[in-house]
Amino acid sequence: MQQNDVGFLLPDTRLIKDIYLMITDLIDKDFKNQYVCFSHTQQKNYSKLGIPILSITESKFFYGSLFVFDIESLVICKSFPNVKKIYYYMTDIPWKKTPNINYFDLRNLYQENTNIEVITKTPNLYNVYKNCWNKQPLGIMEELNYENFKRLILSSE
Amino acid sequence: MTKNKIIISSTHSRLLDNIKICSHNHFKYIDWYTINIDEIFKAYDLIQPYKICLCKQDLDKVSVKTFIEQKIVEQSSLIIDEYNFLNIVNMNVFKSYQIPRINKYAMLLDNIDIIPKHLQIELESDECKIHMFNNASFEHAYNLGTLLEHQKAFIFSTYETIIGKNNLYKNEALLCGSKYIDIESIDMVETNITDQLINIDDFIKKEFYATE
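Protein sequences appear in the order of chains A and B.
Under my numbering, the first residue of the first sequence is numbered 1, with each subsequent residue one higher.
Under my numbering, the first residue of the second sequence is numbered 158, with each subsequent residue one higher.
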């Protein structure tokens with residue numbers, strides 16, 4: 001694997017603690033890659049962990065792979081010009097909440113965008129995504145941690 | 158010029174959507190309007206239409222009831238999209254496109270709010286082959302959003318079988334070369350067109366130009 005910059009667009013969810021722990025491990029154990037977080041709020045609770053945290057506006061100019069955790073972030077960053085690959089960690093079924101959206105808009109996002117790789121939280125979500133969009137997700141990551149990240153992301157880069 | 162104008166309601170309707178497409182493609186001198194149906198009085202005063210297209214759901218609205226009861230318009234100038242219009246098909250859009258059929262079942266959810274039990278079991282399976290479309294109020298993992306008319310033709314051309322209710326989209330699906338199943342009787346697979354179909358172009362000519 002070549003050296004790569006990996007960015008994380010931090011969500012406003014309970015996942016944030018797991019994400020920080022995973023990135024701390026990644027920084028400690030994986031010397032090949034560089035890791036950075038993008039957040040739209042001040043992360044005072046986690047500032048002592050030694051993780052670089054930038055404003056979310058900086059993510060637009062980021063070179064490397066981006067890891068996103070919600071559909072809003074995915075929609076925003078899919079048009080970023082310098083992003084090599086986007087990894088979307090799917091914890092629910094986003095299109096279920098928006099049945100009024102046109103099918104072809106959803107299809108462009110989930111099926112036809114080759115730049116996006118989906119990782120699902122559960123086997124059920126894996127099956128739903130595969131059945132709906134005729135496209136295999138990259139894998140299942142039930143827990144966000146270094147081992148799972150290494151198995152799915154670092155091995156595929 | 159005002160004689161040719163029509164009002165099209167804001168409610169989604171298969172017939173009205175196809176009139177819009179045809180008006181745009183072939184009948185450039187028909188204007189159509191998508192209005193807030195509650196403002197039907199105001200729109201009528203402003204536009205003075207020759208024909209008013211309403212769909213069945215709109216008839217329950219108080220504004221529309223009053224509009225019709227007060228006999229502001231002649232009954233003959235109303236076109237009401239009901240299910241007996243099923244044999245009026247947009248043959249310019251719904252035809253065989255010879256695209257590979259990579260998907261199994263597409264279920265059009267127009268007017269379907271409850272999924273029958275026999276289909277619910279299939280929808281819960283790990284290898285579900287059904288995709289659902291076109292009901293903006295139905296939240297389900299396999300409801301993949303809404304479709305415009307030409308997008309429906311794409312769906313009917315890339316799915317092997319279309320599932321609908323009360324023969325809605327049956328003729329369109331068969332024209333595109335897919336099979337058709339009614340949601341209530343999934344063992345009855347229809348493959349041949351048995352209705353006498355009318356092209357929507359001819360319908361528009363008859364409704365909008367016959368009296369001129």
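These are computed hints drawn from the structure, not numbers from a lab.
Please read these numbers as outputs of a predicted model, since none were measured by experiment.
Ideal placement from N, C-alpha and C gives every residue a C-beta, glycine not left out.
Among these hints, one or two may not hold up.
[Unchecked claim] Derived contacts from chain A toward chain B, CB cut-off under 7 angstroms, selection only: (1) Thr57; (2) Phe61; (3) Thr91; (4) Lys96; (5) Asn100; (6) Ile101; (7) Leu106; (8) Asn108; (9) Val128; (10) Pro137; (11) Leu138.
Problem - Hints breached by this structure - result: Violated hints (numbers, rising): 1, 2, 3, 8, 10 and 11; every other hint is consistent with the structure.
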